[in-house]
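Hey, can you work out the whole structure from these sequences and the hints?
Number of protein chains: 2
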Amino acid sequence: MDWKPNRHAVISIHRQITDRIKALIERGDWSTDMRIPPQRKLAEEFGVNRSTIQTALDELKADGYLEGRVGSGIYVTGNAWNLLMDQARPNWQRHIETGVHKPNYHTIQLINDYEQKDDIIRLGTGELSPDLLPARELEESLRSITLDARAIGYSSPQGSIKLREALSARLEKRGITVSSDNILIVSGALQALQLIAVGLLEEGATVFQEGPSYLNSVHPFQSAGMRMQAVNRAETLSSTIRSLKGQSLFYCVPTLNNPTGYSWTVEEKKSFYTLCRDARIPIIEDDVYQELQFGEGSPPLKAMDEAGHVLYLGSVSKTLSPGLRIGWIVAPTPVIKRLADIKMQTDYGSSAFSQEIVAHWMMSGRYDRHVERLRTRLQERAERMEKILLRQYQDIATWNRPSGGFYIWIRFHAPIVNKALFLKALQRKVLLNPGYIYDPGDAHHIRLSFAYASLDEMEIGLHQLRKIIEERRDAP
Amino acid sequence: MDWKPNRHAVISIHRQITDRIKALIERGDWSTDMRIPPQRKLAEEFGVNRSTIQTALDELKADGYLEGRVGSGIYVTGNAWNLLMDQARPNWQRHIETGVHKPNYHTIQLINDYEQKDDIIRLGTGELSPDLLPARELEESLRSITLDARAIGYSSPQGSIKLREALSARLEKRGITVSSDNILIVSGALQALQLIAVGLLEEGATVFQEGPSYLNSVHPFQSAGMRMQAVNRAETLSSTIRSLKGQSLFYCVPTLNNPTGYSWTVEEKKSFYTLCRDARIPIIEDDVYQELQFGEGSPPLKAMDEAGHVLYLGSVSKTLSPGLRIGWIVAPTPVIKRLADIKMQTDYGSSAFSQEIVAHWMMSGRYDRHVERLRTRLQERAERMEKILLRQYQDIATWNRPSGGFYIWIRFHAPIVNKALFLKALQRKVLLNPGYIYDPGDAHHIRLSFAYASLDEMEIGLHQLRKIIEERRDAP
Ligand SMILES: Cc1ncc(COP(=O)(O)O)c(C=O)c1O
Ligand SMILES: Cc1ncc(COP(=O)(O)O)c(C=O)c1O
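So the sequence lines, in the order shown, correspond to chains A and B. To convert, note that position 63 of the first sequence is 63 in the UniProt record's numbering; the numbers rise steadily by one, no gaps. To convert, note that position 429 of the second sequence is 429 in the UniProt record's numbering; the numbers rise steadily by one, no gaps.
It cannot be assumed that every hint is accurate.
[Unchecked claim] Incomplete in silico selection of chain A near chain B, CB under 8 Å:
1) G153
2) L190
3) S298
4) L324
5) R325
6) P332
7) T346
8) H370
These are computed hints drawn from the structure, not numbers from a lab. All figures in this text were calculated on a predicted structure; none of them were measured in a lab. Ideal placement from N, C-alpha and C gives every residue a C-beta, glycine not left out.
What follows is the structure, given as structure tokens:
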């Protein structure tokens with residue numbers, strides 16, 4: 001062993017040592033049941049003092065890499081969990097690699113990691129910025145909430161009746177007439193997709209979606225063994241249908257799509273609905289951005305659904321707080337019953353406290369007032385971003401003026417959006433959502449979000465990006 | 001059609017009509033795309049007025065059984081969801097029927113249904129009664145909670161660091177030394193089992209458990225394709241292990257087991273731990289009742305675990321409120337990382353509000369004070385129940401004196417605990433958890449819970465049960 005920790009590295013000495021020892025074990029250099037060298041010896045070899053070694057070894061014990069045996073030193077464990085995990089290709093990944101959609105996992109991983117850091121300008125993040133989240137008002141609203149003992153026990157399968165009734169009244173305003181029996185409360189729209197994949201579809205069923213579409217919608221279906229197929233709604237759907245065998249359904253975000261921000265027109269919605277209904281292809285309408293349309297807006301597909309053909313999803317994540325983890329599914333009662341059953345078997349229902357809070361906000365009018373304000377502020381942010389784009393990007397890119405939501409799907413004339421660009425921007429502390437994570441073949445688009453970065457950050461971040469693009473063009 | 005609704009039935013007329021029409025459709029008497037008889041005609045046939053028919057048809061439309069076509073009446077839909085559901089043996093049920101453990105689904109269904117009703121005496125319910133739940137204090141505590149915007153956004157994968165640190169300090173007191181990195185916050189212990197089944201095990205792996213054991217632990221594993229095997233810990237485990245092929249793990253509730261209420265002794269825990277460790281069979285220790293031991297209590301297996309061999313589960317469902325949906329997994333960091341990953345893909349983390357509340361209760365000392373009081377009150381209830389048993393059941397049954405938790409696992413000398421007894425009790429408005437739902441061959445046990453029914457209800461319920469047993473003995 002001639003390895004020594006690097007005293008000038010960003011990673012702490014102690015962390016370098018644990019990493020080193022893990023590597024020795026994982027590569028098999030230190031094998032199961034081997035007695036490791038005494039601490040004194042390790043301290044000498046690594047050129048550190050014994051207390052550092054001690055801390056590192058304690059941590060490795062807690063993590064199951066090493067174990068102490070009374071009176072005889074420290075041994076490498078053949079830790080059963082590590083063995084399990086080595087063997088098990090976990091079944092939630094079983095189908096992923098065979099899917100048509102192969103997102104660039106490394107970029108997505110980097111995005112997830114860097115979203116945890118503080119000094120990064122996040123130009124693509126699909127969340128409300130901290131200053132758009134009503135933390136103060138939420139805190140205050142907690143003071144007005146009354147709990148009775150029934151409400152804090154195990155929940156009824158479909159979720160709080162108070163919340164479902166409040167939702168039924170809200171949905172009515174959007175043209176959707178359903179009773180509380182047609183509603184299931186879930187822990188966010190993402191869980192809804194999970195429940196549908198597991199409870200309503202057979203392995204091998206086909207799930208259509210528009211390309212590009214919401215990234216996290218792919219995983220629940222693929223991991224339950226569904227085949228994802230990207231289609232171009234009107235144009236190709238009808239021909240695709242004809243060649244179709246077996247079960248299928250269509251997942252779509254017709255209003256303010258993620259990542260494009262586009263909404264279908266009322267006519268497009270109508271003809272799509274008719275096409276699917278006639279072909280007996282059920283529709284999942286993911287409508288989490290519905291209330292964030294800047295103008296009048298267009299109604300959901302579900303509002304034109306007389307035949308119980310559309311399964312409708314909503315959530316408060318984009319309007320009130322993602323931390324609440326509250327969403328809903330609207331569907332015919334037999335579907336709701338089955339999904340409620342699976343939900344109970346999965347987690348026994350969503351947080352009763354989150355449900356109380358959302359019900360309180362909806363019933364007291366707080367929610368409406370907040371969403372109203374939020375829309376105005378998002379619109380201001382959208383305008384600000386557009387202004388910057390008009391000033392700095394008009395010569396190299398095009399985009400649609402946003403009609404709501406969070407996103408501008410900017411298209412560069414040249415195919416410059418690749419991993420090198422992404423990494424270069426990251427070096428300058430600007431985090432992007434490049435188009436190729438939605439469609440591996442796309443080198444033209446970036447998803448910009450005007451919901452997360454502060455106005456100053458937008459200015460700085462977009463300026464940096466423009467500079468980077470220039471530099472790369474000038475480089476040989 | 002000569003069917004007419006029954007005006008004297010408990011079910012409403014309008015409900016009888018919707019049920020009737022659903023049945024006609026489901027049996028195929030009314031087939032897909034058939035135009036149904038005009039409302040006037042239906043009203044005549046069923047002998048009700050048109051508005052009743054109208055309401056029923058509207059509901060059937062909303063549920064996707066019927067659809068209106070403009071200008072031409074109402075038709076039977078070949079509702080795509082119904083078709084899907086008919087075809088799809090949902091994959092969460094795929095493996096259930098092949099499992100060794102075949103609970104009596106009908107009885108379990110009845111228990112779930114009757115637990116929703118108000119005028120039933122629930123002698124077996126595994127929940128805190130409304131008057132043991134600290135609704136008032138929870139409500140009050142909401143006033144002291146402060147939220148910052150970070151805390152109400154999308155959560156970090158492992159859950160609130162504040163809560164994880166509070167838990168790490170609590171666990172230390174129980175002899176479990178782990179850092180916040182070894183903890184994953186989940187939506188209740190049930191979700192923990194779900195994540196483990198999906199993320200750590202291959203299809204076909206063997207999950208051992210003691211018989212009888214927690215009912216809902218079976219489903220997550222079976223639906224992910226694991227084989228469940230009931231073993232008698234010490235006696236048969238070692239011989240079973242020898243014949244074992246492929247992956248396996250042991251799921252157990254060593255402290256205050258559900259349904260028996262038994263705890264293993266410290267010696268039993270030690271020898272079990274050693275056996276499993278040496279055989280490299282990882283252990284899941286479900287310890288949701290740990291803090292409800294009446295006396296000193298015995299420490300968790302996890303406290304003797306130097307090798308990261310035990311995956312440890314806890315929850316506030318049995319102490320504070322099941323509606324919070326907060327539990328935790330303690331494990332080596334590589335395991336935590338993988339499970340956190342799956343958790344994020346499943347529902348993006350647990351309610352941030354629930355996490356704040358639990359962290360607040362633990363850090364402020366509220367939690368300790370409450371659990372202390374709760375233990376006393378559960379002990380009083382246990383003594384009260386035992387007193388009734390001593391008075392009325394000593395001649396026909398035996399039981400162990402409870403050492404904590406919720407349950408008394410009463411054993412009748414004669415094999416009298418069957419479905420007939422269960423139904424008879426239900427008729428008298430007494431709901432039981434008979435032993436045969438835990439083990440189909442068991443005709444001797446009932447799980448009594450002293451946590452749910454009020455003291456008066458206990459008295460009345462147990463008196464009724466005794467009477468029923470007598471009557472049945474006297475009957476020919
Ligand atoms: C289209 C779409 N659906 C669903 C979600 C997730 O919503 P939730 O937080 O309710 O799970 C998002 C969030 O990015 C989204 O963009
Ligand atoms: C042994 C055991 N584990 C887990 C649970 C479920 O706990 P949670 O509400 O945290 O999902 C129960 C509840 O009955 C139980 O008895």
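Comparing the hints with the structure gives:
no., hint, result
1, G153, "6 Å, holds"
2, L190, "6 Å, holds"
3, S298, "22 Å, violated"
4, L324, "6 Å, holds"
5, R325, "5 Å, holds"
6, P332, "4 Å, holds"
7, T346, "6 Å, holds"
8, H370, "13 Å, violated"
Hints 3 and 8, counting from the list given before, are not met by this structure.
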